[in-house]
Each structure stands twice: as C-alpha cells, then as structure tokens.
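Full structure from sequences and hints, please.
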Amino acid sequence: MTGQAILSARGLSRDFRGFRAVDAVDLDIAPDSVHALVGPNGAGKTTLFNLLTGFLRPTAGRIELNGRDVTGLPPERVARLGVARSFQITSLFPQLCAREHVELALQSPSGLGWRFWRSAKLMSRYADRADELLDMVGLAELAEAPAEALAYGRKRALELAIALALDPKVLLLDEPTAGMGLEDVDRTVELIGRVRAGRTVVMVEHNMSVVGRLADTVTVLQAGRVLVEGPYQQVRADERVITAYLGATDAAH
Amino acid sequence: MTSTVDTSSSPAATVPSGLATVARAPRWLRYALLAVGLAVALWLPNGLYPAVAVDILCWALFAVAIDLLLGFTGLMSFGHAAFWGTSAYATGLVAIHAGVPFPVAVLAGALVAAVLAVPLGYLAVKRTGIYFAMVTLAFAQMIYYIANKWGSLTGGENGLQSVPRELFGLDLRDEYYFYYAALPIVLLGLAAAWRIVNSPFGRVLVGIRDNPARARALGYPVHRYKLTAFVLSAFLAGLGGGLFVMGHRFVSLDALHWTTSGKAVIVVVLGGIGTLWGGVLGAAILVRLEDWLSYSGFETIGLVTGGIFVLVVLLFRRGIWGSVAALAQRWRASRRR
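Chains H and W, in that order, are what the protein sequence lines are.
Heads up: the first sequence begins at -16 in this note's numbering, then just goes up one per residue.
Heads up: the second sequence begins at 435 in this note's numbering, then just goes up one per residue.
These aren't lab readings, by the way, just hints derived from the structure by calculation.
This structure is a prediction, so every number in the text was calculated from the model and none was measured.
Glycine residues also receive a C-beta, built at the ideal position from the N, C-alpha and C atoms.
Heads up, a few of these hints could be off.
[Unchecked claim] Have a look at the derived ranges for each label pair, beta carbon to beta carbon: (1) 52(H) to 583(W): 46 to 56 Å; (2) 94(H) to 586(W): 39 to 49 Å; (3) 100(H) to 607(W): 29 to 39 Å; (4) 464(W) to 9(H): 50 to 60 Å; (5) 583(W) to -6(H): 49 to 59 Å; (6) 7(H) to 565(W): 30 to 40 Å; (7) 94(H) to 464(W): 20 to 30 Å; (8) 161(H) to 565(W): 29 to 39 Å; (9) 767(W) to 55(H): 44 to 54 Å.
And the structure:
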C-alpha cells in the first residue's frame, strides 16, 4: 500500500505534556484522490494536519511523501516538496491586499524573494496569474482589498487561492467550509471539485454533505486513533462511527 | 506602473502601520517630501552646529537599521550597539593602522559588523518577541565586556584616541566640510534601506512580520529571511557607527553600551515604527534636543528625553511620522467623499 500512496503515515503519534493527541495513526493517501478526515472535536485532526505539514514534530512514527521520508522536515521544506495547506483559523497577512497574497505565494518557488536589491514592482510579473487565481475563487473584484477588510467567507476563499498558487501535488485543507453560508459552501465544493484534477486533496471537514459530495475515501478519527476508514457510504453506515458521533452517553442510555 | 497597488478606495477602516500608509501617499507628495528632505540635508550644517549635524546623520542610519528589523521584520533588537560599536572600533582601527580614506574605513567597519551579525543573528532569530530582545541584549553585553577587557586592541577605558580622518589629502578637520563628505555615504545607506523595504525581499519580510506560520506554509524559510534582514540591518548600523567615529575622531566604550541600543530604539519609536523615514526624523529631534539640553547646562537629560518618549508612546503610538501620515490620509479620505 505504501508503495502507491502519495502521502503516508506509519505509527504517527504526538504527545502534548503527556496527553496523546495523535496515537499511532497509519494513513495512506492515494494519488489523485480526495481524502477526508472526520471525527469529533479533539479527535486529533488538526494535530495530524500539523504533523503532515511539518508544523509539529511527531513524538513517534514516520511520514513519507512519494516514498521519501519527510519526517521532521520544517514546514517550508514540506511546502517546497509540493504540499500546500490552508489553516483552520484564517491565516492571512492583514495588511497585504488579496493580489499581493497570491503574488507572494507565486513568487515563493523562485529566488525572487531574496532579491533585496531589486524593486518590488518585479512582483507584478505574477499579477496576471494572481488575477486568474483570484477570479477562480470568486475574488476578482476584491483583488486590491486588504485582507483584513474581507468578509469571513472571502478570507476562506483567499486561503484557497494562496494554497492553489503553490500548484501543490497535495493540497491539505483544514475545514475549508467552516463558518460559511450555504452559497459559499456550494461554491467551495464546486471549486475543490474543479481543482482536484491532477492533484491529491486531503481535507478536514465537519460538514458531512461536503464530505459526501467530494471524498473518495473517509478516515474517521477518534481520540487520536483511526476508528474506521473506507468509502463515504460505507463509513457513514458504520455502527462505530454513529456511536462516536452521537456520543457514548446517548448510546449508554 | 499599473501594478502599483492602490488600496485607498478599499473599505479598510484602520490602517495600522506605516508601510501601507507610505505606499498610499500620492506620487507627487512622495517626490515633494524627498526634495524637502534632500534640501534640509544639504542645509543642515548651516543651521546647526556641524558636529551635531554629523551626529544626526549617523543616528539616522542607526534608526533606519533598527526599523528594518523592528518595523518591517517584527524583531525588536535591544542589542544593536553591538554592531554600531563593533563597527566603530573596527573603523577606528582600520583608519589608525591602514591610513586608508575614511569611507573605506567606514565600509570595512560596517562589513565587520555584518560578519559579526551572522553568528549572533543565527542564534537570535530562533527566538521571537521579548526573548529575541533579551538574547540580542545579552550578546551586546558580551561584546561590551570583551571590548573592555581587550585593552591592547581597544584601549579599554581610554578607547581609541585621535582617529585620523583622511580623504585623498583633503582638509576635513572642519566638521562643516566633513558633514558634506559623509552625507553621500549616509544617503546611499538610506537609499539602500528604502530599496530593501520596497523589494520582493521586503514584501516577504512584511509577510513574516504579520504571519510567520503562513509564510512558512508558503515555502519561505523564515529563519533565513530573518537572518538576512538582521545582517543587512547590522551593516547599516555599522555604517552609522563608523561615521560616528569619524565625526568624533575617537571611540569609547559608550558606543557598545546598552544605553546606545536603547537610544536607537527610542529614536525609532519617537519617529514611528515601520515608517523608515520616521527614524530619520526621530534621530534629528532627539540628537538636537540632547545637544540643546546639554548646552543649556541641563544635567538630567534623560529625564526630558524619557518624558518625551513616554508622552509619544502614550499619546501618539504611531510616532511622529506615523501620526502625521495617518492624519494626512484621513484628511485626503474625507476630501474624496
């Protein structure tokens, strides 16, 4: 299985002061699939994301990207290897405008960022591509608005545009539709459906209808462990998943 | 040209830092301010005691160096006297022993400061906030004690005396002429700082300042960017320190003392963090004020400058430049409606 997975984890664990947030997780993400991570709050989904992207170092275990050991690499190296992520809590540069965000992301793989002796106007070489990406996520009209002035749903869209600007092989989305209205959710689902072509998407998502519409494979986490894994329909019907979601207290009564 | 981002029509109610504010100033205003600045720089030693004018130049460079880190990278160095002072000693030693033209000695001093900044910065940028400030302070104190103990090189308590001020046999004994000899170096240093801030590199720095985690997720090696900014800042501080030695023709341990680091930070806060030119203004005001107070026989200068500092922090958090820029912007915005 490991041989064909684009991203895989073996025995991945992470402790926080004695509390095991992620516990011996094995995960295989198939290339060109949409893989959803679901589970109740505190199941370790975001911690797992942070481990996979280098923002946290695992206490134990191993992470492989295309068969290459990437365990313990810093986030910027993981990003350079083609793994882009969005953040659960919107994470932007408040004073830069939307287009500058995307330009900054587009510039990243080039060496231009080091040119302290050149004019920042050189970054306008990315302006056309940046506008394309902004248009794609429905932000064309707001290209020059500072990020801090954007409404919540628009900020989430900008997060997506930045991640896409890196043209990643693996796109990790942490709750891409959290806090969105129905219309924005539909738009985001449609967008993810479009951009998944030729890449792998891993997403943490609470909205089961979104998971159902997008995910090829669903992994259910509970208390840091993998509870169930499989296609959406199968996972949805699983007794253990229903218990985990409805809560042990209900089941006990 | 069309790529210049004009966000003035955006609904942003708050414009927190100077970067955005300066970028939003209309072109004619920026050129007008540049012209006024150059005119003042050319006139300065005619209106002030020339030695004070030279000090202002040096502190302006120092302040801009600090602001590059504090305002544009989000790093508060409380130990920049290490680079100002190290360059001061290196410049003095090169001038005394090599007899080269003074700009060469100053450049050599600044390079020594930049080289020193590589290991110190490498260790310091692993920390942020108050810990970064404390680490830089600790390093600066170490340099201070080394300079104090290494008397055979630095002259210890006596410092380096009668540093020669040589420029192709020109007579620069008069501070008035030295000011004009030093001015081009300072202007080059300020222009370099402006270019750094307004470069692709500068954009990345601002990104790192505002959201380091996001910058890393975009693939930017944050520590290496911070280190590069630190070294560039040390070089600019070193230029200032080297010229300061040439202006005074001696180096004392004061150049490495922590109060020198503190004064540089005060100058930037006074002028406006993240405004670049605010530091130049802050330097001019503080140096002039200190000179005036000491000339008037006032003995507790720190009481006055400290009081002004407290007032500015409490009433004008953006500093002088930042507050004026914010006012001007509000005025323009209200006129447009």
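Going back to the hint list, which numbers does this structure go against?
No hint contradicted; all consistent.
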